[in-house]
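K.L.:
This is what each chain is made of:
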Amino acid sequence: MHGVKRVRESPEAAAAKKLREQSKIKEYLALNDDVLAKKASNDWSREAFNLTTRILQINPEFYTAWNYRRNILLQGIFPGSSPKEINDLLTDDLSMTTASLKMHPKVYWIWNHRRWCLENVPDGPGTGTEGDANGWRKTNWDRELFVVDKMLDADSRNFHAWSYRRYVLARMPVARPETAELTYTTRKIESNFSNFSAWHQRTKILSSLWGSGKLDYSKSKEEGKSLRNAMYTDPNDQSVWIYHRWLMGAGADKDVLDREIAIIQELLDEQPDSKWCMESLVHYKQLLLKNHSSSVDAATITNDCRRLLGDLRVLDPARRRRYEEIEKQLLC
Amino acid sequence: MSTELLVPLHVSYIQNLGKSTDDLTYHLTAHLRLNAIYWGLTALFTMDYPEALDKEDVIRFVESCWDEQAGGFGAHPGHDAHIHPTLSAIQILVMYDALDRLDVPRVVKFILSLQQPSGVFAGDSFGETDTRFSYIAVNALSLLGCLDQLDKDRTVDYIKQCRNFDGGFGSSIGAESHAAQGVFVCVAALTILDRLDEVDRETLAWWLAERQLPNGGLNGRPEKLEDVCYSFWVLSALAILEKVSWIDSEKLTSFILSAQKDTEKGGIADRPGDMVDVFHTQFGVAGLSILGYPGLVDLDPVYCMPAPIIEAKGLRKAWKGLERRVATT
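Those protein sequence lines, which keep their order, are chains A and B.
Heads up, the first sequence is in the UniProt record's numbering, so the first residue is 1 and it goes up one at a time.
Heads up, the second sequence is in the UniProt record's numbering, so the first residue is 1 and it goes up one at a time.
The hints are simulated quantities; they were obtained by calculation from the structure and are not laboratory data.
Computed from a predicted structure; not experimentally measured.
Each residue gets a CB set at the ideal place from its N, CA and C atoms; glycine is no exception.
Fair warning: there could be bad hints in the mix.
What the hints assert, rightly or not - Here are the simulated DSBU-like pairs of lysine-lysine, each with C-alpha atoms no more than 30 angstroms apart in a straight line: (1) Lys26/A - Lys265/B; (2) Lys265/B - Lys106/A; (3) Lys320/B - Lys26/A; (4) Lys24/A - Lys251/B; (5) Lys17/A - Lys265/B; (6) Lys225/A - Lys290/A; (7) Lys109/B - Lys38/A; (8) Lys224/B - Lys5/A; (9) Lys17/A - Lys19/B; (10) Lys102/A - Lys251/B; (11) Lys224/B - Lys188/A; (12) Lys275/A - Lys224/B; (13) Lys275/A - Lys251/B; (14) Lys38/A - Lys224/B; (15) Lys224/B - Lys150/A; (16) Lys265/B - Lys18/A.
What the hints assert, rightly or not - Pair ranges (Cβ atoms, derived): (17) Gln149/B - Lys225/A: 25 to 35 angstroms; (18) Thr139/A - Glu250/B: 50 to 60 angstroms; (19) Gln149/B - Arg171/A: 28 to 38 angstroms; (20) Ser23/A - Leu225/B: 51 to 61 angstroms; (21) Gln149/B - Gly213/A: 41 to 51 angstroms.
Here chain A stands alone, though its shape is the one from the complex:
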């Protein structure tokens, strides 16, 4: 149980609640037994299908009922249905689970059932030679992206929704350009700099766009500029600093390292107790020592790191052992 507040209630109120619960339990168990008995007897009827609807609306985590529902469709209902009827049934299930997701946005089984529905949409309404055989699929998958947008509007960190988003984007019948997803992450980040899920998505999209040559890697300089704003807005927010570390990578380009170190130093001068400024400076200065030792003043940089690590130990005592270990490595 996550985030459910404990409420203090009087013994009388608790007893009254218990009593009310007994009839609910009776009703639920009767339904539960009915579903399991029908399942045990391989009942693939409409009636059984409707029972799964009822129980799953009460308890969407009852995975056996989801399995049973799919088996009823596959064994009992689809065989006697036209492609259009199958598409309608799956569309109905998608609508039903949309309502369910709004109440239970983190139930694996609901997300999982949607995938199954999407993957089972038949060819139609056309045949390929006449009309679009992908039509139903396009309609369903396009709507899916809209649903997942709504889910991420409600909770921008819901990792089920993000995973599902990647799944939808990867499997849509008509692929959306990746640049559209880049724009989406920009929008999510601009509305909340702390949304590391969006920053993470951005690392994946940019890697892909750079890798395929659809976007020029040298543009990463502009990417750096947009980070300044976030860094200055809240220097204590981890998201932007972790993303920055991704952008800098292994630190092969000395000019980029020098430039970023200067910018972070400037911010640190303004915000002298910014842990993430110090922590990042230590990391990037170490990259200078590691990758560019012949063209830097190693003694000065080592001293800088040592001083910063000393400050970090005081400022962030929870992690002081880590800073001590880094310092030890510096000495050798």
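Start from chain A and add chain B according to the hints.
P.N.:
For chain B alone, kept in the frame of chain A given last:
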């Protein structure tokens, strides 16, 4: 607020869980029953009360969850076989030294049948896949002494594609690093498979250490709220990397203890003031064990089971919690 672990209360909380049949939640969570028994039993073993439940009753319940058609365990009698309750069943039987009650070849066949061409495992025949199920498969096969039947390279191949630049792992390829669904399951699976070389230890330990918040609790992803269960997911990975010292153990201990319910009901919640449940009770106790809390039995962070049992099976891997402290009172 309590400053020590209320062991007798938590023991009776777990003992009473099976008797809450007049509680609607009890019935609405039937799909987690076998998992819940594993959580409760592991907490009891860790608190050194291995005999607090009736062993024969528990084993008979486990047997009653067997799905003859699929050859695995459902979470409850009549429920479908799924890889997660199947692992719980195996873990319970291992803790009770009762693996002779299990049709090992059939269970192994069931687990292996769930591996997908990409190397990841599905939870059941309907095919939800993610690295949780890869870990479960690896853990279960290891406990059964049948790891040699697994296509290890294919299993590792999928897991390593889930690694992110921040050193963490996601629950599927492309997913954000997540301390539980990604990091713990991938790192523990790689540990069992002796493939920790796939982990960027320094970067991951940094990311894990940054999960601690000023109140001492741990979160599972950057800029998220703390939760007692991450006391296990984050700490177990740190223990495997031998970096538990990279966080403030005293503050984390206090945070876990503050989430206890200190009335006669017992149990631990996700955070102070919330409803308790057996999941958070187990992972709170597990975290305290790794932190060297006095009087607890060592918990193996790789298998999330009592360390003496894992050692006796010859399965112990390299990991390091904090030294067990002696009670001061």
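K.L.:
Indicate, hint by hint, whether the structure satisfies it.
P.N.:
We went through each hint and held it up to the structure:
1. Using a Cα cut-off of 30 angstroms, the hinted pair Lys26/A and Lys265/B holds, with the two alpha carbons roughly 25 angstroms apart.
2. For the suggested pair Lys265/B and Lys106/A, the alpha carbons sit about 28 angstroms apart, so the restraint of at most 30 angstroms is met.
3. A distance of roughly 49 angstroms separates the Cα atoms of Lys320/B and Lys26/A; the hinted pair therefore is violated under the 30 angstroms criterion.
4. Annotation: proposed proximity of Lys24/A to Lys251/B is violated, straight-line Cα distance about 42 angstroms (limit 30 angstroms).
5. Proposed proximity of Lys17/A and Lys265/B is supported: the alpha carbons are some 18 angstroms apart, at most 30 angstroms.
6. With a C-alpha separation of about 25 angstroms, the suggested pairing of Lys225/A with Lys290/A holds against the 30 angstroms cut-off.
7. Between Lys109/B and Lys38/A, the direct Cα distance comes to roughly 28 angstroms. Compliance with the 30 angstroms bound is thereby established for this hinted pair.
8. At most 30 angstroms may separate the alpha-carbon atoms for a hinted pair to count; Lys224/B and Lys5/A meet this at roughly 18 angstroms.
9. Restraint check: the Cα-Cα separation between Lys17/A and Lys19/B comes to about 18 angstroms, which is no more than 30 angstroms; the hinted pair holds.
10. With a C-alpha separation of about 36 angstroms, the suggested pair Lys102/A and Lys251/B falls outside the 30 angstroms cut-off, and the hint is violated.
11. Between Lys224/B and Lys188/A, the direct Cα distance comes to roughly 16 angstroms. Compliance with the 30 angstroms bound is thereby established for this hinted pair.
12. About 18 angstroms separates the Cα atoms of Lys275/A and Lys224/B, which keeps this hinted pair within 30 angstroms; it holds.
13. Only pairs whose Cα atoms come within 30 angstroms are accepted, and Lys275/A paired with Lys251/B is accepted, the gap being roughly 19 angstroms.
14. With a C-alpha separation of about 43 angstroms, the suggested pair Lys38/A and Lys224/B falls outside the 30 angstroms cut-off, and the hint is violated.
15. With a C-alpha separation of about 20 angstroms, the suggested pair Lys224/B and Lys150/A falls inside the 30 angstroms cut-off, and the hint holds.
16. Proposed proximity of Lys265/B and Lys18/A is supported: the alpha carbons are some 16 angstroms apart, at most 30 angstroms.
17. Range check, Gln149/B to Lys225/A: Cβ separation about 54 angstroms, and the 25 to 35 angstroms hint is violated.
18. Thr139/A and Glu250/B have their C-beta atoms about 57 angstroms apart, which keeps the hinted 50 to 60 angstroms range intact.
19. Taken as a hint, the range 28 to 38 angstroms holds for the pair Gln149/B and Arg171/A, whose Cβ atoms sit roughly 32 angstroms apart.
20. Checked against the given bound of 51 to 61 angstroms, the beta carbons of Ser23/A and Leu225/B, roughly 36 angstroms apart, lie outside it.
21. Separated by about 43 angstroms at the C-beta atoms, Gln149/B and Gly213/A satisfy the suggested range of 41 to 51 angstroms.
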